[in-house]
Amino acid sequence: MGSIKSVDELIAEAPAFAEMRAEQLEVIAGCARNQTFEGGEQLMREGEEANRFYVIRRGLVALETFVAHRGALTLETIEDGELLGWSWLVPPYRTHLDARAIATTHTVSFDAVCLRGKADADPALGYELMRRFLPVIVERLQATRLRLLDVYGPVAGAEAEG
Amino acid sequence: MRDPMLPLSFRVAAKRRELADTWTLELEPDAGAHDRLGAFAPGQFAMLYAFGSGEVPISVSGGVGGEGPLVHTVRAVGAATRAICAAEPGDSVGVRGPFGNTWPIEEAEGGDVVVVAGGIGLAPLRPAIERLAASRERFGAVTLLYGARSPDEMLFTEELDSWRSAGIAVETIVDSAPAGWSGRVGLVTKLIDEAELSGGHTTALICGPEVMMRFVGAELVQRGVERSRIHISMERNMKCAIGHCGHCQLGPAFICKDGPVFTLAAIEPLMAVREL
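Line by line, the protein sequences are chains A and B. Its first residue numbered 0, the first sequence is counted upward by one per residue in numbering that gives the first Met the number 0. Its first residue numbered 0, the second sequence is counted upward by one per residue in numbering that gives the first Met the number 0.
Incorrect hints may appear among the rest.
Computed, partial: chain A to chain B, Cβ under 8 Å [to be verified]:
| # | residue |
| --- | --- |
| 1 | A61 |
| 2 | A71 |
| 3 | L74 |
| 4 | L140 |
Partial list, computed: chain B residues near chain A (C-beta under 8 Å) [unchecked claim]:
| # | residue |
| --- | --- |
| 5 | G118 |
| 6 | A147 |
| 7 | R148 |
| 8 | E152 |
| 9 | D174 |
| 10 | A176 |
| 11 | S181 |
| 12 | R183 |
| 13 | V210 |
| 14 | F214 |
| 15 | A217 |
To list a few chain A residues with every Cβ distance to chain B over 10 Å, as calculated [what the hints assert, rightly or not]:
| # | residue |
| --- | --- |
| 16 | S5 |
| 17 | E8 |
| 18 | M19 |
| 19 | A21 |
| 20 | Q41 |
| 21 | L59 |
| 22 | H105 |
| 23 | A120 |
It should be emphasised that the hints constitute simulated quantities derived from the structure, not laboratory data. Every residue gets a Cβ at the ideal spot worked out from N, C-alpha and C, and that includes glycine.
Please construct the entire structure, taking both the sequences and the accompanying hints into account.
Here is the structure:
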């Protein structure tokens with residue numbers, strides 16, 4: 000039977016926090032807890048205060064926005080090992096999208112207000128967090144740009160397909 | 000010797016609508032024609048001629064090895080492909096081929112195989128996937144990663160399930176999804192983490208839009224797959240299909256006769272040349 004892992008251990012397993020110094024992990028673990036969401040449950044809501052972020056341990060979360068006459072459209076899905084939520088780092092600290100669990104999703108949930116306070120008090124920790132969140136933001140920006148190209152769509156003037 | 004520039008007459012034996020603009024046609028030779036057309040292998044292409052509209056290169060999506068009808072999956076995007084897609088059972092289509100090289104399936108035996116398809120790029124990979132499924136025990140982990148524009152634009156959805164049953168790990172993702180979609184949304188590169196890759200012993204087969212193949216190739220290299228084992232199917236404006244006319248020339252390579260399947264090691268430097 001596997002042993003139950005501490006929050007520190009679960010955070011250390013997340014790729015975004017890999018090889019983080021133990022004392023810094025301990026500090027951020029002080030703002031974290033395990034949290035499970037059933038399929039359909041909301042993790043974040045667009046426009047609300049961005050006071051939490053998550054490491055997805057296991058499951059699938061849809062980032063959605065509501066479009067009149069079309070309903071809640073999924074812009075991206077976030078899965079095992081990924082970070083969910085970076086609006087807590089950027090003023091005015093408002094959540095940009097809805098986040099809804101598609102299936103039962105186990106997370107490490109962070110109190111972002113607590114962590115922001117610790118980062119403000121300890122710039123080395125703040126820098127370390129930015130260093131780890133920035134690649135996630137850049138990767139999602141790049142993925143969004145590529146999807147804007149609509150590469151699977153019909154190509155004007157193309158003839159050979161298949 | 001058969002003239003490679005002379006189309007042989009085939010008839011549409013069956014036709015199936017795959018997507019709003021995409022059809023799969025089964026082509027049977029007119030009497031006597033089949034004897035003069037070689038067997039197609041996975042990865043090769045034919046020049047399909049819609050009489051009066053034009054000729055286009057289309058990869059085989061089935062009927063390889065000379066067994067059964069020749070199968071092509073065609074997206075209607077221009078005059079010739081629209082005419083081919085409009086052909087009904089009994090109508091004639093001209094066929095030249097087989098042309099080009101093949102997916103290196105036998106060379107992949109004993110190692111892991113990851114197949115990455117984007118959009119209609121699944122069609123040229125379909126015969127290779129069928130081969131992998133048919134002799135599944137000869138390979139390590141076999142994974143198909145398929146990205147499509149939307150859930151409605153995923154090809155061969157029933158076959159995805161049958162490939163899963165044959166022991167292939169199939170993962171899908173779409174660029175955008177309507178309300179109620181419970182699958183993944185994002186870039187196909189995101190699925191690469193799902194694949195079991197044994198570094199130097201992994202063979203990758205990629206087909207899709209060129210920009211997608213470029214990013215998938217880079218991601219696979221990051222994951223330790225050797226450039227010489229990453230195979231991508233290039234698409235250019237093939238005309239003669241035998242390396243004479245130069246329409247499909249990419250630097251020193253003719254896509255029609257040196258390809259369409261190239262290793263990333265061979266094609267990456269050319270993909271970086273914007274003038275090409």
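To see whether the hints hold, each was checked on the structure:
no.: 1; hint: A61; result: holds, 7 Å
no.: 2; hint: A71; result: holds, 5 Å
no.: 3; hint: L74; result: holds, 7 Å
no.: 4; hint: L140; result: violated, 12 Å
no.: 5; hint: G118; result: holds, 3 Å
no.: 6; hint: A147; result: holds, 6 Å
no.: 7; hint: R148; result: holds, 4 Å
no.: 8; hint: E152; result: holds, 7 Å
no.: 9; hint: D174; result: holds, 5 Å
no.: 10; hint: A176; result: holds, 5 Å
no.: 11; hint: S181; result: holds, 5 Å
no.: 12; hint: R183; result: holds, 5 Å
no.: 13; hint: V210; result: holds, 6 Å
no.: 14; hint: F214; result: holds, 7 Å
no.: 15; hint: A217; result: violated, 12 Å
no.: 16; hint: S5; result: holds, 25 Å
no.: 17; hint: E8; result: holds, 21 Å
no.: 18; hint: M19; result: holds, 20 Å
no.: 19; hint: A21; result: holds, 26 Å
no.: 20; hint: Q41; result: holds, 15 Å
no.: 21; hint: L59; result: violated, 7 Å
no.: 22; hint: H105; result: holds, 18 Å
no.: 23; hint: A120; result: holds, 35 Å
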